[in-house]
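Peer 1: Heads up: the sequence lines are chains A and B, in that order.
Under this note's numbering, the first residue of the first sequence is numbered 1, with each subsequent residue one higher.
Under this note's numbering, the first residue of the second sequence is numbered 1, with each subsequent residue one higher.
Hints should not be assumed to be uniformly reliable.
Covered stretches of chain B (chain A as the covering partner; in silico rule of three or more C-beta atoms under 8 angstroms from a C-beta of chain A) [said to hold, decoys possible]:
hint, region
1, 17-30
2, 38-48
3, 157-166
4, 318-324
5, 327-334
Below, computed lysine to aspartate or glutamate pairings styled on EDC-like, alpha-carbon distance capped at 20 angstroms [to be verified]:
hint, chain 1, residue 1, chain 2, residue 2
6, A, Lys-30, B, Asp-27
7, B, Lys-137, B, Asp-246
8, B, Lys-119, B, Asp-138
9, A, Lys-167, A, Asp-311
10, A, Lys-167, B, Glu-214
11, A, Lys-30, B, Asp-313
12, B, Lys-30, A, Asp-313
13, B, Lys-262, B, Asp-246
14, A, Lys-286, A, Glu-261
15, B, Lys-30, A, Asp-239
16, A, Lys-30, A, Asp-66
17, B, Lys-167, A, Asp-27
18, B, Lys-167, A, Asp-106
19, A, Lys-167, B, Asp-27
20, B, Lys-286, B, Glu-258
Quick caveat, the hints were computed from the structure, so don't treat them as lab data.
The beta carbon of each residue, even a glycine, is placed where N, CA and C say it ideally should be.
There are 2 protein chains.
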Amino acid sequence: MTPIRIIVCGFGNVGRAFVRLIEDKQDDLKNRYGIAPKIHAVVDIGGAAIADTHGLPLDQLRELMDSGQSIERMASFGRPGMSGAAILQTLSADVLVEATPTNLVDGEPARTHINAALKKGMDVITANKGPVVLFYKDLQERIQSSGGRLFMSAATAAALPTLDVGKLCTAGAHIRAVEGILNGTTNYILTRMGQEGCDYTTALQAAQDLGIAETDPTLDVEGFDTRNKIILIANQLFDQCLGITDVETVGITGVRREDIEKAQTDGRVIKLIGSVRWENNRLCVKVAPEALEADHPLAGVHLSEKGISFDTDSMGRITVTGGHSSPTGAAAALLKDLLHAYCFYRE
Amino acid sequence: MTPIRIIVCGFGNVGRAFVRLIEDKQDDLKNRYGIAPKIHAVVDIGGAAIADTHGLPLDQLRELMDSGQSIERMASFGRPGMSGAAILQTLSADVLVEATPTNLVDGEPARTHINAALKKGMDVITANKGPVVLFYKDLQERIQSSGGRLFMSAATAAALPTLDVGKLCTAGAHIRAVEGILNGTTNYILTRMGQEGCDYTTALQAAQDLGIAETDPTLDVEGFDTRNKIILIANQLFDQCLGITDVETVGITGVRREDIEKAQTDGRVIKLIGSVRWENNRLCVKVAPEALEADHPLAGVHLSEKGISFDTDSMGRITVTGGHSSPTGAAAALLKDLLHAYCFYRE
Numbered sequence: 001m002t003p004i005r006i007i008v009c010g011f012g013n014v015g016r017a018f019v020r021l022i023e024d025k026q027d028d029l030k031n032r033y034g035i036a037p038k039i040h041a042v043v044d045i046g047g048a049a050i051a052d053t054h055g056l057p058l059d060q061l062r063e064l065m066d067s068g069q070s071i072e073r074m075a076s077f078g079r080p081g082m083s084g085a086a087i088l089q090t091l092s093a094d095v096l097v098e099a100t101p102t103n104l105v106d107g108e109p110a111r112t113h114i115n116a117a118l119k120k121g122m123d124v125i126t127a128n129k130g131p132v133v134l135f136y137k138d139l140q141e142r143i144q145s146s147g148g149r150l151f152m153s154a155a156t157a158a159a160l161p162t163l164d165v166g167k168l169c170t171a172g173a174h175i176r177a178v179e180g181i182l183n184g185t186t187n188y189i190l191t192r193m194g195q196e197g198c199d200y201t202t203a204l205q206a207a208q209d210l211g212i213a214e215t216d217p218t219l220d221v222e223g224f225d226t227r228n229k230i231i232l233i234a235n236q237l238f239d240q241c242l243g244i245t246d247v248e249t250v251g252i253t254g255v256r257r258e259d260i261e262k263a264q265t266d267g268r269v270i271k272l273i274g275s276v277r278w279e280n281n282r283l284c285v286k287v288a289p290e291a292l293e294a295d296h297p298l299a300g301v302h303l304s305e306k307g308i309s310f311d312t313d314s315m316g317r318i319t320v321t322g323g324h325s326s327p328t329g330a331a332a333a334l335l336k337d338l339l340h341a342y343c344f345y346r347e
Numbered sequence: 001m002t003p004i005r006i007i008v009c010g011f012g013n014v015g016r017a018f019v020r021l022i023e024d025k026q027d028d029l030k031n032r033y034g035i036a037p038k039i040h041a042v043v044d045i046g047g048a049a050i051a052d053t054h055g056l057p058l059d060q061l062r063e064l065m066d067s068g069q070s071i072e073r074m075a076s077f078g079r080p081g082m083s084g085a086a087i088l089q090t091l092s093a094d095v096l097v098e099a100t101p102t103n104l105v106d107g108e109p110a111r112t113h114i115n116a117a118l119k120k121g122m123d124v125i126t127a128n129k130g131p132v133v134l135f136y137k138d139l140q141e142r143i144q145s146s147g148g149r150l151f152m153s154a155a156t157a158a159a160l161p162t163l164d165v166g167k168l169c170t171a172g173a174h175i176r177a178v179e180g181i182l183n184g185t186t187n188y189i190l191t192r193m194g195q196e197g198c199d200y201t202t203a204l205q206a207a208q209d210l211g212i213a214e215t216d217p218t219l220d221v222e223g224f225d226t227r228n229k230i231i232l233i234a235n236q237l238f239d240q241c242l243g244i245t246d247v248e249t250v251g252i253t254g255v256r257r258e259d260i261e262k263a264q265t266d267g268r269v270i271k272l273i274g275s276v277r278w279e280n281n282r283l284c285v286k287v288a289p290e291a292l293e294a295d296h297p298l299a300g301v302h303l304s305e306k307g308i309s310f311d312t313d314s315m316g317r318i319t320v321t322g323g324h325s326s327p328t329g330a331a332a333a334l335l336k337d338l339l340h341a342y343c344f345y346r347e
């Protein structure tokens, strides 16, 4: 039985869902995969909880979550005021699970956490897009010199397996193009506009009323979230080091009711597509609304659902759709990366 | 650079496509994956070609294929009359690629090839369903005692990544159900019946005229091909040892025009589904035509296309569609398994 010591930074919805999954599935992880993950420390904004040698007791962690208590209040283990940076300076573990909120300005505090973990040769599994989008090249250099590994499934559309399909399922094939519907909110708005013939503002309001769009929907509707995901996909699958300014990004705020109707008349459907395509031997990465033909495999991906399609030489076109867009879905992607790191991949 | 010595048994469409891929992609395999596969021997019905220490010259192999010559006539290397069994007794290599025609009566000659390779501790990558469908349990026991590994992506819907998605992309999730459209011919026939309102016989004839259905279509239309694939999927993903008689199998020969029309009236579509489902804590594996709701993710998989959908606990539903149904698609799946074995997976 391989014990795996994990430090979890960020104990919001995703961090909590991850710890719940580890607790729910501990028997299954032992029986099916031969691993025993131990939560060595959990850090949140108000402080931390640090385990003795056996890992934090998962039943007590669950009680704490169920009662809505802060992690630094955990009996025996709580350390009010202790930061992630301090934890990563003093403790060693096998893996950092980075689940603090994404910060697209300077990537903090995740950047500090990830750099500190890699410096120690720890593996890093991140749901946080900030550092990987902003400092991809720098991180690659740190990985090279540290021996740690970096996994980011949860940052690239969570439970929808984008990187796995592009790396593992299509191994050996040349990927000519990737097209993805990578953001559920914008796909929901476009679907409603198409179904109800309403304009963008009305559909956005409906999405906000349902909690699908945020009060400030900028990150989604301007295409920035899609851009961040397609950057990671391009960097991981095509060995690039693209940053935010390298990707021409058009969101859906300019899509008019007439555009949707015109597309429908032509038997097409407008979707916000993040794409990577070889054009004249140059890799073009962009985000824009595109009018897909009715038989395009992403044309039937509706409402909040996501999907990604790979056009390859030897395997033809392979498309994957679905996957929970939820904290549990993101946590499941973190767990999947953990299993890939410790049960499937070579060191 | 890891050299990998390969013995290819079966030099029909799939075996040839595999050797072509290895030749086409040798630079790419070196640069991206750090491997140098060598074709150590190729065997077909009339004999073999055996390499010296450097592997068979890939350019000469290509010339031989382009000119339609038999492998045993290959200059310097040809061995007329030499069988796969003899090759595997006398030669050692890292991997057997088994691509002889599937035999569902006794699994031969593939069974002999695979058993001999495993006995030597070689890895086996098979496109041939025969031995793995007929003798799964026996093979598992041989694997346990030999140290060799067995990969069968190419036998389970070729370039459509069925096993990868169920093992790797959903790692850590509990799969509650698998539903697959795993046979292109029957999906083509059902699609035509739906689109044109014709009966089964007419649609079958159309499929035969186009070369999509064989003159004797039994294997496809009786659901046997779907059954063979779902057996392998159930065995690999749910740790079962099912055989042919364990799976209730109904094909499409009994689907009437009226059934299709009735389904259409109800907003449904009839598809031949191979399924694995937990029902009352029992795993139910079967093949039958099912009337899918219009929003089922496989409802839009038409004509010769295939697809598979996984219903999971933590990741929700994940569906993958597409993948070449061709010798090249099957060869690409063989190459993918080779890369998984030597570049991704732990030993």
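Peer 1: Within the assertion that chain A covers the region 318-324 of chain B, do at least three residues meet a Cβ-to-Cβ distance smaller than 8 angstroms?
Peer 2: holds (count 7)
Peer 1: Are there three or more residues in the region 327-334 of chain B whose C-beta lies within less than 8 angstroms of some C-beta in chain A?
Peer 2: holds (count 5)
Peer 1: For the pair supplied as a hint, A:Lys-30 and A:Asp-66, confirm whether the alpha-carbon distance does not exceed 20 angstroms.
Peer 2: Violated, because 25 angstroms separates the two Cα atoms, which is more than 20 angstroms.
Peer 1: CA of B:Lys-262 to CA of B:Asp-246, is that 20 angstroms or under?
Peer 2: violated, 31 angstroms
Peer 1: Given the proposed pairing of B:Lys-30 with A:Asp-239, does the C-alpha separation stay at or below 20 angstroms?
Peer 2: holds, 15 angstroms
Peer 1: Given the hinted pair B:Lys-286 and B:Glu-258, is their alpha-carbon gap at most 20 angstroms?
Peer 2: violated, 24 angstroms
Peer 1: How does the region 38-48 of chain B fare against chain A when you require at least three residues with a CB closer than 8 angstroms, holds or violated?
Peer 2: violated (count 0)
Peer 1: If you draw a straight line from the CA of B:Lys-137 to the CA of B:Asp-246, is it 20 angstroms or shorter?
Peer 2: Measuring from Cα to Cα gives roughly 13 angstroms; hence the hint holds.
Peer 1: Between A:Lys-167 and A:Asp-311, is the straight-line Cα distance small enough, at 20 angstroms or below?
Peer 2: holds, 13 angstroms
Peer 1: Between B:Lys-30 and A:Asp-313, does the CA-CA distance stay at or below 20 angstroms?
Peer 2: holds, 18 angstroms
Peer 1: Given the hinted pair A:Lys-286 and A:Glu-261, is their Cα-Cα distance within 20 angstroms?
Peer 2: violated, 24 angstroms
Peer 1: Are the Cα positions of B:Lys-167 and A:Asp-106 separated by 20 angstroms at most?
Peer 2: violated, 36 angstroms
In terms of the numbered hints stated before, the structure departs from hints 2, 6, 10, 13, 14, 16, 18 and 20, listed from lowest to highest.
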